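2 protein chains.
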Amino acid sequence: MSKTLRLGVAGLGNVGVGLVKLVQGQETLRLTSKLEIVGVSARSRTRDRGIDISGYRWCDDAMSLALADDVDVYVELIGGSEGLAKQTVEAALEAGKHVVTANKALIAEHGCELAKIAEKKGVHLLFEAAVAGGVPVVRAVRDSLSGVRIDRISGILNGTCNYILTEMLDSGSPYEQVVKQAQRLGYAEADPWLDVSGMDAAHKIAILAAIAFGAAPDFSKVRVKGINDITDQDILLSSKLGYRIRLVAEAVQSGGKVRCFTAPTLFATDHPLALVTGPTNAVLIEGDPVGRLTLTGPGAGEGPTASAVMGDIARLNQGPATPPFGVNTSGLDDIFAEPTGEGMVSRWFIRANLADRSGTLAQLSDALAGARVSVDKLIQDSAGETGVAPIAIVTHACSRNTAESVIEKIATLPASVDAPQLIRIEA
Amino acid sequence: MSKTLRLGVAGLGNVGVGLVKLVQGQETLRLTSKLEIVGVSARSRTRDRGIDISGYRWCDDAMSLALADDVDVYVELIGGSEGLAKQTVEAALEAGKHVVTANKALIAEHGCELAKIAEKKGVHLLFEAAVAGGVPVVRAVRDSLSGVRIDRISGILNGTCNYILTEMLDSGSPYEQVVKQAQRLGYAEADPWLDVSGMDAAHKIAILAAIAFGAAPDFSKVRVKGINDITDQDILLSSKLGYRIRLVAEAVQSGGKVRCFTAPTLFATDHPLALVTGPTNAVLIEGDPVGRLTLTGPGAGEGPTASAVMGDIARLNQGPATPPFGVNTSGLDDIFAEPTGEGMVSRWFIRANLADRSGTLAQLSDALAGARVSVDKLIQDSAGETGVAPIAIVTHACSRNTAESVIEKIATLPASVDAPQLIRIEA
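Protein chains in written order, with my numbering: chain A, -8 to 418; chain B, -8 to 418.
Read the hints as simulated data drawn from the structure, not as lab findings. Nothing here was measured: the structure is a model prediction, and the numbers come from that model. A couple of the hints might just be wrong.
Copies of the same chain look alike in the list, so a pair counts if it works inside one copy or between any two.
Mimicking DMTMM-like on lysine to aspartate or glutamate, the simulated pairs with C-alpha atoms at most 20 Å apart in a straight line are [stated by the list, open to error]:
1. Lys77 <-> Asp223
2. Lys12 <-> Asp367
3. Lys216 <-> Glu333
4. Lys112 <-> Glu81
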């Protein structure tokens, strides 16, 4: 048993509470260090969290905790890319303290500058809990797979979105209704924007891209698209065509550049990501010569995320600090590509709602033929009493630009009653 | 970039060749140390392996490589639990050299004594490649999950068996024929015994059990059962009942004891392990409060296994040695339970071949009723021209002892023409 690690825990939301519970029950764990919480900080001192924090020094001000002489490790669970989280993490690192954080926004947006401070001070900056909750993917990619060349890393990194997409198919309910249900079940925040906009998944994939490719994280270059314009029609029609819609976060390396994006994507029903349902996360790692690895598990929640924080804390006594992104910041390449999405060739799912009158299908066909986009599959559902027929198309492979030009044409058809949908088909 | 690590590589089979290739192309990888192979050893110096080893010192004798002054890391890829592998690993550790090995038999059978030497000498003994090939499960369990209490770890740890079971279902071919096909494709050895007997998976689960539960590995207490008595009838009938047969390797902790075994097991078709097909490995980790994690990927082969060796080598410059099994050998508990299998309560799959004459089904029913085993599902296939009817039963939950007593009774029925089959149903 090496020396005791003294923790200062800032933030006592779900994850903070989970961490306190684990530390309080540490004698049942396989740790090689004794952990001691010396101080905590949170917004409310009196809120009942179901844990006893009376033995810890209470700090109204997280900054005083980050700088306290008796704190070896500052555990930042405040959240947000700016403000108190950033200020205290910077200060703790500058003061020569190790930092463990679950803050994906902070690491994705300011990871490089923070890693520089950590390097300068020779301290650990660890963030396993920032990506995929309890799934230990950060260490797997950064350390275990440092001896292989990764080509692509992709996955389902937002459990809220995956729950919503799964539930829309299972229940047939529209988006707004399912979001409300997700909120009732605790899977979605009161303001679900960070999740459904793709922002949360985008933060996570930027971090994974950095460690997988030795790239300087540059969040401004992540193309972010969420699920907030996915309709129950999209879910139903894509299902009829043999697909599942997933919000995929992906980073691909080719030609010395890393393309990093989040986007709703169609997967064949037997694809590993199509099989991931509910609030689960899954990460696919494709590399040479390792092949394809899949890591799946609970991507959020008190227990899983606190487990990841504990895994990082356990790392601290295993040796001196290593570069937070795997290689020194001076060796991180500035290779995130501009987020144009240009040149991406794929098959595409197109959904349109067209007034049910003669000649409509011919207009649609003309729009496709005019852009030289050929149709692999097409289904038209009955218009019924609405007078509007939902049509879904699976195209053969074409570029994103071409597919987008088709969508623009369809949108201007006289028969078109709402904005048509365009979603990439992965496999 | 820290100091150069000088490697001595003993064994130039698939994995050794894969490792040499990775080291020779190291500038494309995310390593923080420069790697240099100073010497190699193998049975044949002249065999064409498709790699250039002329720049490395050739050692006819692996022992001289393990002890060479210019070797920092002895990479043992010879294999086998005794003989040269064991002698050289012991000698290298005693000489104060780090050891990286892919040798599951060695670690499962002698891991504790080797870890003691490594501890005494303050050197690393790493064996990620010994379990699940390219899937970085050893580090995940030992390090990333050291802060959670693992309840159960199970999985498909032998790709050969999984290929055979998958292919028997897909092709409808009998066991012997599929084994031959696996040998042609390179998925099975000329002597497939280590794989099909369950021995290989048993070595791997003993290692995982040790690191997951802080247990002293005791291979003598692993209950080992393979797939060599699984018939095409078992495959077909279990499939008709909604199950897939998998060779599962499992370690469960309860009541302070660890039960560790391999056994053919039935899984419902939508269970994560039923979805694992072909020569893939998958590991399920269930813990509190992390929930269930699944790690899937290629479990063998040159590239994946060499990747795992590289991941371990990359660890060497990240800090001083940590206990090979996560906690010091003095803290490893002697908690592997006797391999009785007693007391295990489960539902069971029973298959019998009974002569097609009146009263046969009544005799079978009597055998079940006599042991108070009730039937959940039963199917009887047509006897056709053979005059023998295959019957498969899914029982309600009962103990292994009870199920085995039923099997004994069925075996002695006058109508029984061969040994009946008994397989546990997991879910």
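Checklist entry - Which holds for Lys112 with Glu81 at a C-alpha limit of 20 Å: within a copy, between copies, both or neither? => result within (11 Å within a copy, 39 Å between copies)
Checklist entry - Checking Lys216 and Glu333: alpha-carbon separation at most 20 Å within a copy, between copies, both or neither? => result Within. Shortest intra-copy distance 15 Å satisfies the 20 Å Cα cut-off; inter-copy 55 Å does not.
Checklist entry - Under a CA distance limit of 20 Å, which applies to Lys12 and Asp367: within one copy, between copies, both, or neither? => result Neither: 54 Å inside a chain and 42 Å across chains, both beyond 20 Å.
Next on the checklist: Reference check for the pair Lys77 and Asp223, CA-CA at most 20 Å: within, between, both, or neither?
Outcome noted: The answer is neither: 39 Å in one copy and 62 Å across copies each exceed 20 Å.
Going down the numbered hints, you'll see the structure goes against 1 and 2, while the others check out.
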